[in-house]
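S.K.: Here is how the chains run, residue by residue.
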Amino acid sequence: MKKYLFVFMAVAVVLSSCGGENLLPGDRSVRQAPITFNLTASHPEATKAVKTGWEAGDAIFVFFKNVAAPKHLKMTFDGSKWTNVEYDGTTAKPGCLGLSNGNTGTMRAVFLPFGSDATLSASGSSFVFSTTYYAYYLTATLDYTVKNDSVSGAFLMTIPEGYVQFFVEDASADDGAYTLGTDAVIPTGVASIAADGTIVETSDKTFVDDMPGYVYSKGSEKGYLFSGKLNDDYKFGGHYFAKSKADGTVRHDYLVIGNEITSHDAIKLPASSSDKWIAVGNGKTVKLTARTLPAGLGTWQTCNYGCSAPEEVGTLYSYEDAYALGVPIPTNDQFSDIRFHAYTDHVWLTVHGQPGMGIKAKTEPGILFFPAFPAPGLTTIEYGGYWTSTLSDDNYPCCFRVYPPPGQFGQQLVIISDGEFMQYRRYAVRCIQE
Amino acid sequence: MENIRLGYETPRTGTVTLRSEGLICSSDPVFRGFEKEKEW
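In the order they appear, the protein sequences are chains A and B. Taken in order, the first sequence gives residues 3 to 436; the numbers are from the working numbering. Taken in order, the second sequence gives residues 5 to 44; the numbers are from the working numbering.
None of the hints are false.
Per label pair, the in silico range of CB-to-CB distance: (1) Lys40/B / Ser222/A: 22 to 32 Å; (2) Lys40/B / Gly285/A: 33 to 43 Å; (3) Asp395/A / Lys40/B: 52 to 62 Å; (4) Lys40/B / Asp234/A: 10 to 20 Å; (5) Lys289/A / Lys40/B: 29 to 39 Å; (6) Asp177/A / Lys40/B: 21 to 31 Å; (7) Lys40/B / Asn150/A: 35 to 45 Å; (8) Leu393/A / Lys40/B: 50 to 60 Å.
The following residues of chain A were derived to be distant from chain B, with all beta-carbon distances above 10 Å: (9) Ala193; (10) Ile201; (11) Ser338; (12) Gly379; (13) Gly409; (14) Phe411; (15) Asp420.
Please keep in mind that the hints were generated in silico from the structure rather than gathered at the bench. Computed from a prediction, not measured in an experiment: that's the story for all the values here. Glycine included, C-beta positions come from ideal geometry on N, C-alpha and C.
Just chain A, with the same shape it has in the complex:
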């Protein structure tokens, strides 16, 4: 009898812990029947363009409101059908959800496109994944009632508002080898799932941070997928992408002008092998102009003097100190080449949080970024100034300036000299290839 009582009490504890509203406490018969989960997942009719394309190995994690962490259901796709297993944390434990006829509640389904092999643990009353994926996810909620020993329903899996994705074809793609940064997107993902099924997203990254690249491979198509959430504060007319090797040794940049990113966009960027990606860094150069010029005139350093990334400003020099560097400083004519709209397009934007002017050749893949900066002693950015090697008609130094909109007298790229005041100016140095 004592043994019977013990079993009875244990069952009662399990039943009360899962919190079903219509339990029949003490009715041991409801615990005998295995529960069938007859769940499906689909997408809304209204968005027929949504492509889900489940693949073998994909997994959907299902969380039941009132079933304490880390107990959950894992649905796994084998290429034609889903199977599911109840898990208690990392351990498959059939029946551990403790559901029985009459239980009602809400289910939360989460699909991590790169995290099908993730495991779950409890953090307080929340569920946390073994790895944090800074990537989009698909999710849905569904009310359920355990009836006739089964749970039935169809998840309407969607990507939350604000997520966008970028694909870069790369035959030698390797997980985590590359990152992609664009100030219009904030790396975001699932941080945890609360006991009530609410998804808590990560908030430790900003628009300055890069998205990790996850390998996607199917058939002959292989490359990196980068995803994140739109930065609502990004209002510029162009998008500058920095694709970097995770160890910081290699970086390629790409600039798009005039295109918009909106929620739920999936954007295919040029393949890694494309010459549209410009190798940038200290000593790296790019040919920018299509104009017929003397040899060498159109080849620019991708970074300011002494810098290793295009968005770095570097040291500001007086004209004498810049001249004393002994490096090839562009002439007024050379700056004019990249200034003229006949040869280039221009867009004011930020790169890793640094404001400046993006310049893109009309007929060649070349791009340049000129960071702007406050004048010494000031904190507000009025423009970015760069020394030229050409003297004005009255023999004063000249400078090339990039202005944020609306510019100075309507001009965002100017070559000027303000006479004797130039001796007090401190500007950056961008070299041209000799």
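With chain A fixed as given, assemble chain B onto it according to the hints.
M.R.: Frame of chain A; chain B shown alone:
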């Protein structure tokens, strides 16, 4: 809708096979879940 039940030979397994319905629809799984495809 087919209802596949597994695990009944073992008491209290409570597991089943879930069947997909209307999911295999992608011509290019690269874009799964996303509504708009763009090429820049």
